[in-house]
Amino acid sequence: LAKTTQPISMDSYEGQEVNITCSHNNIATNDYITWYQQFPSQGPRFIIQGYKTKVTNEVASLFIPADRKSSTLSLPRVSLSDTAVYYCLVGGGGADGLTFGKGTHLIIQP
Amino acid sequence: EPEVTQTPSHQVTQMGQEVILRCVPISNHLYFYWYRQILGQKVEFLVSFYNNEISEKSEIFDDQFSVERPDGSNFTLKIRSTKLEDSAMYFCASSDGTGGRTLGTDTQYFGPGTRLTVL
Numbered sequence: 001l002a003k004t005t006q007p008i009s010m011d012s013y014e015g016q017e018v019n020i021t022c023s024h025n026n027i028a029t030n031d032y033i034t035w036y037q038q039f040p041s042q043g044p045r046f047i048i049q050g051y052k053t054k055v056t057n058e059v060a061s062l063f064i065p066a067d068r069k070s071s072t073l074s075l076p077r078v079s080l081s082d083t084a085v086y087y088c089l090v091g092g093g094g095a096d097g098l099t100f101g102k103g104t105h106l107i108i109q110p
Numbered sequence: 001e002p003e004v005t006q007t008p009s010h011q012v013t014q015m016g017q018e019v020i021l022r023c024v025p026i027s028n029h030l031y032f033y034w035y036r037q038i039l040g041q042k043v044e045f046l047v048s049f050y051n052n053e054i055s056e057k058s059e060i061f062d063d064q065f066s067v068e069r070p071d072g073s074n075f076t077l078k079i080r081s082t083k084l085e086d087s088a089m090y091f092c093a094s095s096d097g098t099g100g101r102t103l104g105t106d107t108q109y110f111g112p113g114t115r116l117t118v119l
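Protein chains in written order, with the working numbering: chain D, 1 to 110; chain R, 1 to 119.
Just so you know, these hints were derived from the structure itself, not from any lab.
These numbers come from a predicted model, not from an experiment.
Errors might be hidden in some of the hints.
Unchecked claim - Here are the simulated SDA-like cross-link-like pairs (lysine to any residue), alpha carbons at most 20 Å apart as the crow flies:
(1) R:K42 with D:T21
(2) D:K102 with R:E44
(3) R:K42 with D:A28
(4) D:K3 with R:E59
(5) R:K42 with D:S23
(6) R:K42 with D:S79
(7) D:K102 with R:E68
(8) D:K102 with R:K42
(9) D:K3 with R:S58
(10) D:K102 with R:S73
(11) D:K102 with R:F65
(12) R:K42 with D:V59
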């Protein structure tokens with residue numbers, strides 16, 4: 001599975017847009033990019049998944065450039081409740097377990 | 001919205017004892033997984049299960065661990081003789097398997113976890 005690199009932590013304020021970028025230089029042709037969110041003492045929660053260009057759902061947007069070597073999770077107008085750890089994962093499917101890195105600890109301040 | 005459930009939410013046991021952690025995956029899902037997260041560390045894959053047998057397992061999943069789907073709804077993780085280092089959050093997950101290994105589109109849905117404390 002492709003290794004991912006993302007910032008260890010980020011700070012922002014309520015109402016701001018937050019962008020978290022993940023690098024995955026060795027992404028394989030068939031790999032999708034998936035982002036999960038985890039609150040303390042809870043299981044990871046799926047946020048968004050994409051293969052290329054842009055994907056948007058009710059929670060976030062995911063931007064993937066043409067070379068797919070990176071991706072950016074965009075959270076619009078964050079609130080205090082968005083304080084969590086965000087994980088970027090590449091590949092994994094079917095029988096393959098997901099490989100979680102350390103994630104990005106996002107802290108939202110009032 | 002369907003969700004993965006796990007019981008118990010907390011389990012305290014003595015070292016050397018056997019524990020069984022229980023999970024009810026989402027009903028139409030085909031792949032089931034166990035992960036663990038030691039406090040302050042990464043979420044780690046333990047095992048995947050498909051068609052009533054183990055599909056993949058990590059090096060963490062040694063002979064002390066076993067998984068079972070005893071009926072049509074439950075999925076269990078058994079630790080035969082717990083050690084202090086088994087203390088962790090254990091998460092069950094499931095996916096519908098529509099993506100498959102080659103496509104990587106499966107979304108895994110995680111349960112709330114069981115906090116296991118070994119004394």
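Structure-based check of all given hints:
In summary, the hint linking K42 of chain R to T21 of chain D is supported, as the alpha carbons are separated by about 19 Å, within the 20 Å threshold. A threshold of 20 Å between alpha carbons decides the hint, and for K102 of chain D with E44 of chain R the separation of about 11 Å falls inside it, so the pair holds. At most 20 Å may separate the alpha-carbon atoms for a hinted pair to count; K42 of chain R and A28 of chain D exceed this at roughly 23 Å. Distance check on the hinted pair: K3 of chain D and E59 of chain R sit about 19 Å apart at the alpha-carbon level, within 20 Å; holds.
The straight-line distance between the Cα atoms of K42 of chain R and S23 of chain D is roughly 18 Å, inside the 20 Å bound, and the hint therefore holds. For the hint linking K42 of chain R to S79 of chain D, the alpha-carbon distance of about 25 Å lies beyond 20 Å, and the restraint is violated. Taking the CA atoms of K102 of chain D and E68 of chain R, the gap is near 30 Å; set against the 20 Å cutoff, the hint is violated. Restraint check for K102 of chain D and K42 of chain R: satisfied, since their Cα atoms lie roughly 6 Å apart, inside the 20 Å limit.
At most 20 Å may separate the alpha-carbon atoms for a hinted pair to count; K3 of chain D and S58 of chain R meet this at roughly 17 Å. The suggested pairing of K102 of chain D with S73 of chain R is violated, with an alpha-carbon distance near 32 Å, which exceeds 20 Å. Restraint check: the Cα-Cα separation between K102 of chain D and F65 of chain R comes to about 25 Å, which exceeds 20 Å; the hinted pair is violated. Restraint check for K42 of chain R and V59 of chain D: the C-alpha separation of about 24 Å exceeds 20 Å, so the hint is violated.
Violation of the numbered hints given earlier is confined to hints 3, 6, 7, 10, 11 and 12; the remaining hints are satisfied by the structure.
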